[in-house]
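Enquirer: Chains as they are written, first to last, in UniProt numbering: chain A, 1 to 281; chain B, 1 to 305.
The set of hints was computed from the structure by calculation and includes no laboratory data.
Each residue gets a CB set at the ideal place from its N, CA and C atoms; glycine is no exception.
Please note that the accuracy of each hint is not assured.
What the hints assert, rightly or not - Below are the EDC-like pairs computed for lysine to aspartate or glutamate, each with C-alpha atoms no more than 20 Å apart in a straight line: (1) A:K67 to A:D49; (2) A:K76 to A:D222; (3) B:K118 to A:E278; (4) A:K76 to A:D188; (5) A:K274 to B:D166; (6) B:K109 to B:E200; (7) B:K14 to A:D188; (8) B:K14 to A:E173; (9) A:K184 to A:E173; (10) B:K118 to A:E56; (11) B:K14 to A:E223; (12) B:K109 to A:D9; (13) B:K14 to A:D222.
As the list claims (entries may be wrong) - Listing some non-contacts, in silico: residues in chain B with all C-beta distances to chain A over 10 Å: (14) L27; (15) L53; (16) A61; (17) T62; (18) G86; (19) K106; (20) S189; (21) A222; (22) D245; (23) F288.
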Amino acid sequence: MNNKLHLSDHLVLLAGVFFMVTPVLLTFITSTHDAITIYREGVQFLPGDQFLQNYETVLFRAGGFTKEVDGFVMLKNSLILGLGFAIGKIVISMLAAYAIVYFRFPFASLCFWVIFSTLLLPLEVRILPSYEIVQSLGMVNTYSGLIVPLIASATGTFFFRQFFLSVPDELLEAARIDGAGPWKFFKDILVPLSKTMIAAIFIIMFVYGWNQYLWPTLMTTDESLFTLVRGIKQIMQVWVGSQIPAFNEAMALAILAMLPPVIVVIVFQSWFVKGLVESDK
Amino acid sequence: MRQSAVHLSGALMKKVQFQSRTVPFLLLLPQLAIVTIFFLWPAAEAVQSSFYLEDPFGFGATFVGMDNFTDTLTSSDYGRVARFTGVFTFFVTFLSLGIALLLAVKADKVLRGASSYKTLLMWVYAVAPPVAGLIGVLLFDQHVGPITEFFALLGWDMQIGVSFFDTSFAMTVTAVWKQVPVNFIFFLSGLQGISKSVQEAASIDCRSGFRRFWTVTFPLLAPTGFFLLIINITYAFFDTFGIIDVVLKGEPGNNPVTLVYKVYLDGFRGNDLGGSSAQSVILMLLVFILTVIQFRLIERRVHYT
């Protein structure tokens, strides 16, 4: 009875794993064949012999889906966006949360509400005016235009506020008795205490920044600033109307675009899960 | 939990605080500057231009009151898109929650290989929506896609990008695939938070595993479920943009689009600034309502623990 129950549990889980893993597996296998084979025979189920060639083309040769840049440049830009967004967000939101939780000052609750009102409106619903403002500031086709407007949402501040509130009050009392000022308390006590939280939110924000699509699509018309995920849009434009679509190179680019965030999530799984579950409490 | 009564109103504060007028403002300055320039200003612009009719040649704008709203809400096109968004949201939410719950319950039960299952079921979280869309385009492709081939055997001739229904189907499957991992992570952590003594008591009282799930486990998971419901609705509304854009290959034609996609289409392609802004404002109200519900649920959820 017990064994039979477990068998059915495993079957359900294996079906779930099949559903989640197969699409990416087929994408990878398809990326190791040449375009004509795929066009003639459909998506492949066994690895081909074009792995090195396809990935070399996508990484180092410009002029497939994009005219001027190769995959390596896009990889670099994705990294800049992911890291810049994650670091910028953590620094800015930690400072803001520190002010909100640890200081008594006039207009504190007004500042609080102004910042947290950003949780109400995703970028997508105010996309056109946002674009126009960033354009009028001359920030189109710059890294700062790509990164800074994305930082405007208060998710990080909210997260750190919740965490700081759970830090025991006695620590501040003790620090003040020892004569520590605001900066010393922040640097020597609060930041070291928050290490795990910082790591967790860094992973979530890195993945979020790396995976941005709509904003980079509008913000970057200059190919030298394209990210890998932005490059997906280019694939679709080149594909429409072409005789034999370069399925192999498109899928190689897709694999490249997902590899770094997937590795980060798998390697730092426990931090990532903790961050995700805690941040929404 | 120490800080169990966390209130969003900020009613709960530290008993001990620093007294300073300048330091907190300096700390808040970067965040407030970014919020003002890149959030408050565009949001205000959206609200303002929703009441104006922009001249197509850029020669100023005329105040038209609520016209943009009435035009939007009464247009048959908007109604069609709103209906599709509703149906799409329902299926994406329902299916991704259902599949994730089933998998989480099973993953919580098994002992052997539990952590491998967990990793294999959650890593797709890191795949960007447009990349998921591209994978969907490949697998549902009319010439090379294995899913299309499979359904052809059953007599269903799928035509993604041509048939409204087939395209919606591909979008929904892709969107569900992308969303299952988040729900799975939350459900599993919710299940693992249920104390062993409760589970043991339940297994003594109730021998049927199925009934035990519905009478004990499911109610205990309800707060997580409600919370995820809002998260999933928000996802289906906004985060599916990348999937839709890629599956449609940027050519919407008569294909299904969501309300958010229409804001983008009318604003950037159609140059209908007033109409697009009115749609933005309608969505703002909707998100506002969802967020208020979400905050209330979060507060309640924290009180439970």
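Enquirer: Against this structure, judge whether each hint is valid.
Expert: Hints versus structure:
1. Taken as a hint, the A:K67 and A:D49 pair is broken in the structure, with Cα atoms around 26 Å apart against an allowance of 20 Å.
2. Pair hint A:K76 plus A:D222 holds up; C-alpha atoms about 15 Å apart against a cutoff of 20 Å.
3. Proximity of B:K118 to A:E278 is assessed by CA-CA distance (about 18 Å); at most 20 Å being required, the pair is judged to hold.
4. In summary, the hint linking A:K76 to A:D188 is not supported, as the alpha carbons are separated by about 34 Å, beyond the 20 Å threshold.
5. At most 20 Å may separate the alpha-carbon atoms for a hinted pair to count; A:K274 and B:D166 exceed this at roughly 38 Å.
6. A hinted pair counts as satisfied when its Cα atoms are at most 20 Å apart, and B:K109 with B:E200 qualifies at roughly 13 Å.
7. Taken as a hint, the B:K14 and A:D188 pair is honoured in the structure, with Cα atoms around 19 Å apart against an allowance of 20 Å.
8. Of the pairs offered as hints, the one joining B:K14 and A:E173 holds, with about 11 Å between alpha carbons and a cut-off of 20 Å not exceeded.
9. A threshold of 20 Å between alpha carbons decides the hint, and for A:K184 with A:E173 the separation of about 13 Å falls inside it, so the pair holds.
10. Our distance criterion of 20 Å between C-alpha atoms is broken by B:K118 and A:E56, whose separation comes to about 33 Å.
11. For a cut-off of 20 Å, the pair hint linking B:K14 to A:E223 is broken: about 49 Å separates their Cα positions.
12. A C-alpha spacing of about 8 Å is found between B:K109 and A:D9, which places the hinted pair at or below 20 Å, so the restraint holds.
13. Restraint check: the Cα-Cα separation between B:K14 and A:D222 comes to about 48 Å, which exceeds 20 Å; the hinted pair is violated.
14. B:L27, annotated as away from the interface, has a beta carbon of chain A within 10 Å; the closest lies near 4 Å.
15. The claim that B:L53 lies off the interface holds: its Cβ sits roughly 15 Å from the closest Cβ of chain A, which is beyond the 10 Å cut-off.
16. Non-interface call for B:A61 relative to chain A: holds, since the shortest CB-CB distance, roughly 13 Å, exceeds 10 Å.
17. Chain A leaves B:T62 outside its interface by the beta-carbon criterion, the shortest separation being 18 Å against a cut-off of 10 Å.
18. Every C-beta of chain A lies more than 10 Å from that of B:G86, the closest at about 17 Å, which supports listing it as non-interface.
19. Interface exclusion of B:K106 from chain A breaks down, the closest Cβ pair being 5 Å apart, not more than 10 Å.
20. With a cut of 10 Å on Cβ distances, B:S189 falls inside the contact zone with chain A, its closest approach being about 5 Å.
21. Remark: the non-interface label on B:A222 is consistent with the geometry, its nearest Cβ contact in chain A lying 16 Å away (cut-off 10 Å).
22. Not every CB of chain A is more than 10 Å from the CB of B:D245 (nearest about 7 Å), against its label as outside the interface.
23. With 10 Å as the threshold on Cβ separation, the claim that B:F288 sits away from chain A is violated: the shortest Cβ distance comes to roughly 5 Å.
The structure does not agree with the numbered hints 1, 4, 5, 10, 11, 13, 14, 19, 20, 22, 23 stated previously, though it agrees with the rest.
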